[in-house]
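Hey, can you work out the whole structure from these sequences and the hints?
Keeping their order, the protein sequence lines are chains D and B.
Take the first sequence: its position 99, counted from the start at 1, is 99 in my numbering, and no numbers get skipped.
Position in the second sequence counted from 1, then plus 1000, gives you my numbering.
If you're looking for bench data, these hints aren't it; they were derived computationally from the structure.
Some hints here could point you the wrong way.
[Stated by the list, open to error] In silico DSBU-like cross-links for lysine-lysine, where the CA-CA straight-line distance does not exceed 30 Å:
#1 Lys1014(B) - Lys42(D)
#2 Lys1011(B) - Lys96(D)
#3 Lys101(D) - Lys1014(B)
#4 Lys96(D) - Lys1071(B)
#5 Lys42(D) - Lys1057(B)
#6 Lys1057(B) - Lys68(D)
#7 Lys59(D) - Lys69(D)
#8 Lys63(D) - Lys42(D)
#9 Lys1071(B) - Lys42(D)
#10 Lys42(D) - Lys59(D)
[As the list claims (entries may be wrong)] Some chain D residues close to chain B (C-beta under 10 Å, calculated; not the full set):
#11 Arg31
#12 Gln38
#13 Gly41
#14 Glu45
#15 Tyr51
#16 Thr85
#17 Ala89
[Said to hold, decoys possible] So the derived label-pair ranges between C-beta atoms look like this:
#18 Gln14(D) - Arg1081(B): 14 to 20 Å
#19 Tyr51(D) - Gln1054(B): 24 to 30 Å
#20 Arg12(D) - Ser1087(B): 24 to 30 Å
#21 Asn1018(B) - Tyr51(D): 38 to 44 Å
#22 Glu1056(B) - Ser19(D): 34 to 40 Å
#23 Asn1018(B) - Glu55(D): 42 to 48 Å
#24 Glu1(D) - Gly1040(B): 17 to 23 Å
#25 Glu45(D) - Gln1050(B): 41 to 47 Å
#26 Gly1040(B) - Asp2(D): 35 to 41 Å
#27 Arg1022(B) - Glu1(D): 32 to 38 Å
#28 Val1097(B) - Lys59(D): 30 to 36 Å
#29 Pro1070(B) - Arg61(D): 41 to 47 Å
Here the structure is a predicted model, which means the values were calculated and not measured.
Beta carbons are placed, not taken as given, at the ideal position from N, Cα and C, and that holds for glycine.
One-letter residues, chain by chain:
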Amino acid sequence: EDQVTQSPEALRLQEGESSSLNCSYTVSGLRGLFWYRQDPGKGPEFLFTLYSAGEEKEKERLKATLTKKESFLHITAPKPEDSATYLCAPHRRDDKIIFGKGTRLHILP
Amino acid sequence: DTGVSQNPRHKITKRGQNVTFRCDPISEHNRLYWYRQTLGQGPEFLTYFQNEAQLEKSRLLSDRFSAERPKGSFSTLEIQRTEQGDSAMYLCASSLVERAGETQYFGPGTRLLVL
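What follows is the structure, encoded as structure tokens:
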């Protein structure tokens, strides 16, 4: 059965303190993996798609990487506005997307 | 704003009533997805359409739930005889399937509270 585990569940960082969020997955027939950001009461906002092991993508203070079993979202020198829930979502070849529970990130000023 | 709109944004209803939600996707997108999200969880897949054809329904989607996408444009999700366990955020996403892949863009969601 497909499984997606995100860790940690919650993370509090000081502004400027870099860290990484982990997404471990067991998914049959993986096509790619999405990362989304979700603010409270809003729909998920697309960040990245990764398609193959070794691939990396960057956007501002965020960098996403992918291996065969894990993906990492690295946050460099975060700011309070980076506070949100970050969702990992493997995309199967049958078009189904399996979301993790997310990591709640809180950046303290 | 992703360009995907959902209405209403909030709905409070009494148990046993029927409710209907609407999703307007990005106009050139050929796929439309419905998800349900409860507090502390990621979105859970319910069903999806390619143009007007409903291609898959999750086991989560009981026979009280029905979705339509007439003419391949907007979509509606109806819940009949609502139960308290139906309280959740209902999210719609649309995508354009291209050779390079597919990215789903989400709407703001409809938050349902069943009393």
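Now for the hints, and whether the structure bears them out:
no.	hint	verdict
1	Lys1014(B) - Lys42(D)	holds, 24 Å
2	Lys1011(B) - Lys96(D)	holds, 27 Å
3	Lys101(D) - Lys1014(B)	holds, 29 Å
4	Lys96(D) - Lys1071(B)	holds, 23 Å
5	Lys42(D) - Lys1057(B)	holds, 24 Å
6	Lys1057(B) - Lys68(D)	holds, 28 Å
7	Lys59(D) - Lys69(D)	holds, 22 Å
8	Lys63(D) - Lys42(D)	holds, 23 Å
9	Lys1071(B) - Lys42(D)	holds, 28 Å
10	Lys42(D) - Lys59(D)	holds, 21 Å
11	Arg31	holds, 7 Å
12	Gln38	holds, 9 Å
13	Gly41	holds, 8 Å
14	Glu45	holds, 7 Å
15	Tyr51	holds, 7 Å
16	Thr85	holds, 9 Å
17	Ala89	holds, 7 Å
18	Gln14(D) - Arg1081(B): 14 to 20 Å	violated, 50 Å
19	Tyr51(D) - Gln1054(B): 24 to 30 Å	holds, 27 Å
20	Arg12(D) - Ser1087(B): 24 to 30 Å	holds, 29 Å
21	Asn1018(B) - Tyr51(D): 38 to 44 Å	holds, 42 Å
22	Glu1056(B) - Ser19(D): 34 to 40 Å	holds, 37 Å
23	Asn1018(B) - Glu55(D): 42 to 48 Å	holds, 46 Å
24	Glu1(D) - Gly1040(B): 17 to 23 Å	holds, 21 Å
25	Glu45(D) - Gln1050(B): 41 to 47 Å	violated, 24 Å
26	Gly1040(B) - Asp2(D): 35 to 41 Å	violated, 19 Å
27	Arg1022(B) - Glu1(D): 32 to 38 Å	holds, 33 Å
28	Val1097(B) - Lys59(D): 30 to 36 Å	violated, 23 Å
29	Pro1070(B) - Arg61(D): 41 to 47 Å	holds, 43 Å
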